[in-house]
Amino acid sequence: MEKKLVLESIFAPSEDVVAREIQGEFLIIPITSGIAESDEEIFTLNETARVVWNNLDGKRTLRALIDKLSVEFDSPAAEIENEVCGFTEELLKRKMLIEVKRG
Amino acid sequence: MSQSAYVSRQVISKAGFREGTKPLLSRLDIELTERCNNNCLHCYINLPQDDLEAKNKELSTDEIKNILKEAVSLGCLTVRFTGGEPLLRADFEELYLFARRLGLKVLLFTNATLITGHLAELFFRIPPLEKIEVSVYGMKKTSYEAVTRAPGSFEAAFRGINLLLEKHIPFVVKGALLPSNKVEIGEFENWAVTSIGMDNPPSYAMFFDLRCRRETKKNELIKSLRVSSEEGLKVLIREQDKYLKGMREFCSKFARPGGDLLFTCGAGCDGGCVDAYGNFQACMMLRHPRTVYDLKNGSLRDGLTNFFPVMREMRTDSREYLIRCACCFLKGLCEQCPAKSWMEYGTIDTPVKYLCEIAHSQARFLGLLNDGEKAWEIRDWKERIGKFMGKKAYS
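Chains as they are written, first to last, in this note's numbering: chain A, 1 to 103; chain B, 1001 to 1395.
Quick caveat, the hints were computed from the structure, so don't treat them as lab data. Fair warning: this is a prediction, and the values are worked out from it, not measured in the lab. Every residue, glycine too, gets a C-beta built ideally from N, C-alpha and C. Where hints are given, some of them may not hold.
[Stated by the list, open to error] Footprint (simulated), chain A over chain B, 3 or more residues, beta carbon under 8 Å: (1) 1071 to 1079; (2) 1094 to 1103; (3) 1129 to 1141.
So here's chain A without its partners, still in its complex pose:
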């Protein structure tokens, strides 16, 4: 059974990927093996994912991020939570994000 995300957790982009924006396209480029399914693959993020990615700074908890985006986008927190958690879970599976342990 998959572990449910704890909203007090903090996440950051993994150093095993590099994010680049080229001509309006947001790309996640694997640096190490095991992230892509084939050795020539790179990834693109959609608009929602891009916003979440840019806010996963290794300092803010998921809860704080949800509150921030809820205000910024004037959307209900439950809706934002759904998007943020969906995205975070997927990128954790893809090893593009890491959980930051509190010091």
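Fit chain B to the given chain A structure using the hints.
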């Protein structure tokens, strides 16, 4: 893992981005060195590996890193490391890691002789994201080393290739058709498909380019190794259906006279090549002084936005060119261009007779020309192309 609402998987090909979304620079070639540990008969660039004068002139590690950083800032996604033999550079691993950590895909051209277990492991851990391209010069020690003129190079190359295979590093092999290995073409292709797992038969170099730094003596040797246009045609049409399909597609897009404009290709539009000494070129072959930009006193951006666009507007007043190439509907099929003209004659606008023969030979086979006809004298070329494509006329 399947596609999701948030993340899409993509393979952006060597050619770069989709049409219409190209950045200022989508792809950059860097010749890390002109030196090579092989001494191939037909090579257009190689210098001896211990050529200290050449080595001392090469770009430093920091200079290459700065070029890579600028390339990334301009949107570049793929860098090709080539040479010479790029693995001869002591800082190859450092440059490779630097490029990959900037988020660049790395396309490596190599003869594989210097691939070690350590390098294969590196390519496994940090994949280049582009298939490595390995040149193979023969299937036997005698044929291989008759080309490379480097004792031990056959064993070294296959050791390197086996290391890549053991680590499942994606790569393709390419051949060069030379007197010593011509009879091995079937064996080579069979090996490439069964052992290497290539999807398509390997490509061959056979219409060899002359020395890019224009060396008369070596050029005579290279000319003697070139296949004739008729011999080359036989190789090209071995898979006839595929060849014809490709030619129909090609002719539909590119068969037309080019006029007096010299640059009819995409050279310098959204890519370029940096030579081992810091000269920025629109294409890897074109080293005519009028077409080369000094990166040590400039930038990739300036080269791409100011220098190359002006260069691409160059027109010719060469009478021979205006009579022949400017009016020739095979201009697209023929590889005539400023780079080829530079390597053959030291100019940018002299018709290259060898290329002209190859194009005419193909055109005769395709039914576009009759025996004795000169393509630049043909006025009903649109009808001929249309007929070849199965249409009444070609517009």
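Going down the list of hints, with the structure as the test:
For the region 1071 to 1079 of chain B, the stated coverage by chain A is satisfied: 3 residues place a CB nearer than 8 Å to a CB of that chain, which reaches the threshold of 3. Note: the region 1094 to 1103 of chain B has 4 residues with beta-carbon separation from chain A under 8 Å; the three-residue rule is met and the coverage holds. Counting residues of the region 1129 to 1141 of chain B whose C-beta sits closer than 8 Å to any C-beta of chain A gives 3, which meets the bar of three, so the coverage hint holds.
In this structure, every one of the numbered hints holds.
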